[in-house]
Amino acid sequence: MRRLVIVIAITALAGAALAAWGGVAAAGEAGPRVAFAADQAKLPPLPADIKARKRLNIAVKCDAPPFGYIGARSQHAGFDVEVARWFSRFAFGKSNRVTFTCVTTPAREPALTTGRVDMVIATFTYTADRDTRIDFSRAYYKATGRLLVTKDSSVGSISDLAGKTVVTTSGSIYDRWMKNCLKDTKVLVTESFTNALIAFRDGRADSLMWDDTVLLGIAVTDRNYKLTSDLFLPLPYGIGIKQGNTALKAWIDSRLNLMKKRDLFFPILKNTVPPGQVAPFSKNILRPKQGFGYSQGDLTTQCP
Amino acid sequence: MNLAVAFDWSFLTENGDELLAGLRRTLEVSAIAIAGAFFIGLVLGAARAHRVPVVSQVAAVYVEIIRNTPILVQIFFLFFGLPQIGIVLEPFTVAWVAVTIWGGAFNTENFRAGFEAVPHRFREAGFALGFGRLTTFLNVTLPIGGRIALPSSINTYISVVKNTSLMYVISYPELTTTALNINALTLQTVETFTTLAVTYLIIVWTMSASIRVVERRLALPEDAR
Amino acid sequence: MSFLPDWAEPVLRYMLEVGLKGTLQIAAISLVGSTLIGITLGTLLTIKFLPTRALIRFYIEVWRGLPILVTLFLVFFLLPVLSPRFEFDALISASIALTLWGSAQVAEATRGAVGSIPKEQHEAASALGFGWLGRHAFVILPQALRRLLPPLVSLLVNIIQNSTIAQVIGAPELLESAERQVERLAAPTPIGIGEIKAFPIYATVMVIFFLISFPLTRLAAYLEKRLT
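Residue numbers (our numbering), protein chains in the order written: chain A, 0 to 303; chain B, 142 to 366; chain C, 97 to 324.
Derived by calculation from the structure, the hints in this document are not laboratory data.
Please read these numbers as outputs of a predicted model, since none were measured by experiment.
All C-beta atoms, glycine included, are put in the ideal place defined by N, C-alpha and C.
Do not take every clue at face value.
What the hints assert, rightly or not - Computed, partial: chain C to chain B, Cβ under 10 Å:
no., residue
1, LEU174
2, GLY227
3, LEU229
4, ARG231
5, LEU307
Unchecked claim - Covered stretches of chain A, as calculated for chain B (at least 3 residues, CB under 8 Å):
no., segment
6, 90-98
7, 168-178
8, 181-191
Starting from the given sequences, assemble the full structure and let the hints guide the process.
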């Protein structure tokens, strides 16, 4: 009997203490605890307009797995979306203080120019040309150009492309680069990656040129196709910011560096790609001892 | 904002060949589809108007399905859906098949209405002259009903031309797709879209002007009162 | 819904909750916009004042003449270049494009409907002391609206179907929601199921549109018949 009283008393005390702690936390103006508060103390502060709004507005892809897509519970998901959720944790302590807007490839720059969104995290390849109209954060994902070919293809590298047809997406850096550098190659362009893949599957092109990340997934799942061994056009993704918003750029760059330092990209990667592909993909992300930046100059005129 | 000054005319000389190739494909697909829609409309419209068993019912189902679903979804279905059941069509094939099927459905209704508007006594006159059913159709119903149906069928052909722009979603390089591809590389947005819009307006306005000419030329003698 | 495969339930839910909702939003905005602007322009077109007539004619011929997809590109890509004030999100851009096209259709129909009201009605209204505005607002347009009803129902069908062009610029409507799900399912697990399900998903989109459009086209045909 006495034991029972003690148990009840301890439980009640613990409950009261928990309630008081919760009450204090709820009463505090700071709201939920900001992620890595100590790490962030010396970093540039969040711009005042976003702080006042208490929400981030971020544009992501909604049809481009594994970077940005709509999950089975109708939620936004993917590598880029997870980066956005970390930004929300850094800014407001919770992963859900972010409003996502879906963007298509040609709509990414317009989304920034009038401040419809604070930033674009949407497989946004840095190019010198784009950099003249918008700002980019530091590179956060390293994509590289690869060629997808059929298993018995005579194409072994980009030097075999003379007289062949290569399909890629319209306006992409591959489109520009091939038109500048591979004059003997016929370039077929499509409005979406899906259409490029269909054109390649239907045999309308000898090869498909695109980001390794996406092509690797196809080569792994379909035994009829393979990637050639050469890598070309290192094309890191950056986060798009409105031109001249240096305060936001400083905040984003410093948080990306923090994510690098704390190895936060790796768990995101593990959650977004099939287990067998974690190893090859892990070379493409920022890690404590692994970094990369943008190539200098206009890549589209740098021919092999 | 002065658009005349902002327009860089070298855009046309630099991209003219590609745009013309796109225009040629637009006209090519349109021509095939207009011919196909004319044929489908004529046959199925006659079958509907004369209540030919089976054909008439099948035509009715075809017309209702096409008219009550968006053509863009039909294109998606043909291009992205059909390969799953083993039917793989080239973008060019999808382009002309989609607008032909669509135009054919609307034209069936145009011709049906035209043939049904032919007064019954005209057909009876044909029979009285000893014509068979087919001869009566070819010599009486078709020339009169065809003329009645002409303005609405030309409107359908205009829509067919406009709908070829939807082939953008399957990346078939007709006029619209070509223009957007050029825009993606040059970023000459004002030039690209002005050229695109003006080209379509010229085609469409020419076609609608032809309705008035044709209406006058082919007016039924009775209406000229 | 146990007769459906596992992958179908979330796909269908997303298509109905996000896609269908977007389609209906675009359709509602465009229908209201087209009707208001179209009836106003169509009525003004009956005034025998050359400059306004020429301007309205031009408006009608341009927006009826252009493929709606091209109009959408003008709104979404060209307008923001002309002025940042004219920058709208994908859903609003699609609604604007459909309103430009729809209002041209309504204006043309209104001109015909107003013109078909006998001259005596105008004269009688004038005799009762109505000015131009009162005459049209209280006497002519109410009668013309009866004749406008069938074309307005047809317009609604066309707007709903043409709202699918919003897919091209990524607005959340039915076709776009379907496309997002096709893309997800095609990705390997854990994201999708590594299979292309375009056939059943786009077939479902066709069925949904048919279920909405068919009763409306029947209604338009019925109204048309009752009037004549």
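Stated coverage of the segment 181-191 of chain A by chain B [criterion: 3+ residues, CB within 8 Å]:
holds (count 4)
Can we keep the C:GLY227 interface hint, with Cβ of chain B closer than 10 Å?
violated (36 Å)
Restraint check, 10 Å cut-off on beta carbons, for C:LEU229 near chain B
With a closest approach of 32 Å, the C:LEU229 hint is violated.
Are 3 or more residues of the segment 168-178 of chain A near chain B, judged by a Cβ distance of less than 8 Å?
It holds: at least three residues are needed, and the segment 168-178 of chain A offers 5 whose Cβ sits within less than 8 Å of chain B.
Verify the interface restraint on C:LEU174: the C-beta must sit less than 10 Å from at least one C-beta of chain B.
Where the cut-off is 10 Å and the nearest Cβ of chain B is about 4 Å from C:LEU174, the hint holds.
Holds or violated: the segment 90-98 of chain A covered by chain B, criterion of 3 or more residues with Cβ-Cβ distance under 8 Å?
Violated, because only 0 residues of the segment 90-98 of chain A bring their Cβ atoms closer than 8 Å to Cβ atoms of chain B.
Proposed interface contact between C:ARG231 and chain B, which counts if any beta carbon pair is under 10 Å
Hint violated; C:ARG231 Cβ to chain B Cβ min 32 Å, cut 10 Å.
When the least beta-carbon distance from C:LEU307 to chain B is tested against 10 Å, hint result:
Since chain B brings a Cβ to about 9 Å from C:LEU307, closer than 10 Å, the hint holds.
In the structure shown, a violation is registered for the earlier hints numbered 2, 3, 4, 6, in ascending order.
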